[in-house]
Amino acid sequence: MWQNTKITDLLGIGYPIMQGPFGGNLSSVELVAAVSNAGGLGGYGAYTLSPQEIVELNNKIKAATDVDHPVYKRRMPAYNQWLYKHYKFL
18 MWQNTKITDL LGIGYPIMQG PFGGNLSSVE LVAAVSNAGG LGGYGAYTLS PQEIVELNNK
78 IKAATDVDHP VYKRRMPAYN QWLYKHYKFL
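When we follow my numbering, the leftmost residue of the sequence shown carries the number 18, and every step to the right adds one.
By construction, these hints were calculated from the structure, which means they are not laboratory data.
Source: prediction; values computed, not measured.
Glycine included, each C-beta is placed from N, C-alpha and C at the ideal position.
It is possible that some hints are incorrect.
[Unchecked claim] Per label pair, the in silico range of CB-to-CB distance:
| hint | residue 1 | residue 2 | range |
| --- | --- | --- | --- |
| 1 | Glu-73 | Trp-19 | 35 to 41 Å |
| 2 | Lys-79 | Tyr-32 | 20 to 26 Å |
| 3 | Asn-54 | Thr-22 | 27 to 33 Å |
| 4 | Glu-73 | Thr-22 | 31 to 37 Å |
Using the sequences and the hints given, assemble the complete structure.
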């Protein structure tokens, strides 16, 4: 079926729907939880947040959904290496 793809298998999500992370404090815990709980991949753009704010945000998202979710911090070398490793086989 259309919803079963390599990316849904890799990420463990129900549908190939990925909510783009909004930066500049435009993301919300509620939106991330709603997308994740509906079977997509909800994400939060946290590039304006401090490390402590990111920890607090992550705890709020975890309280709102049991589904794994990405919190994006722009230009993280380890994350970029992860993307390169995983995207080259898709």
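* To do: Sort out which numbered hints this structure fails and list those numbers smallest first.
  => Violated hint: only 3; rest satisfied.
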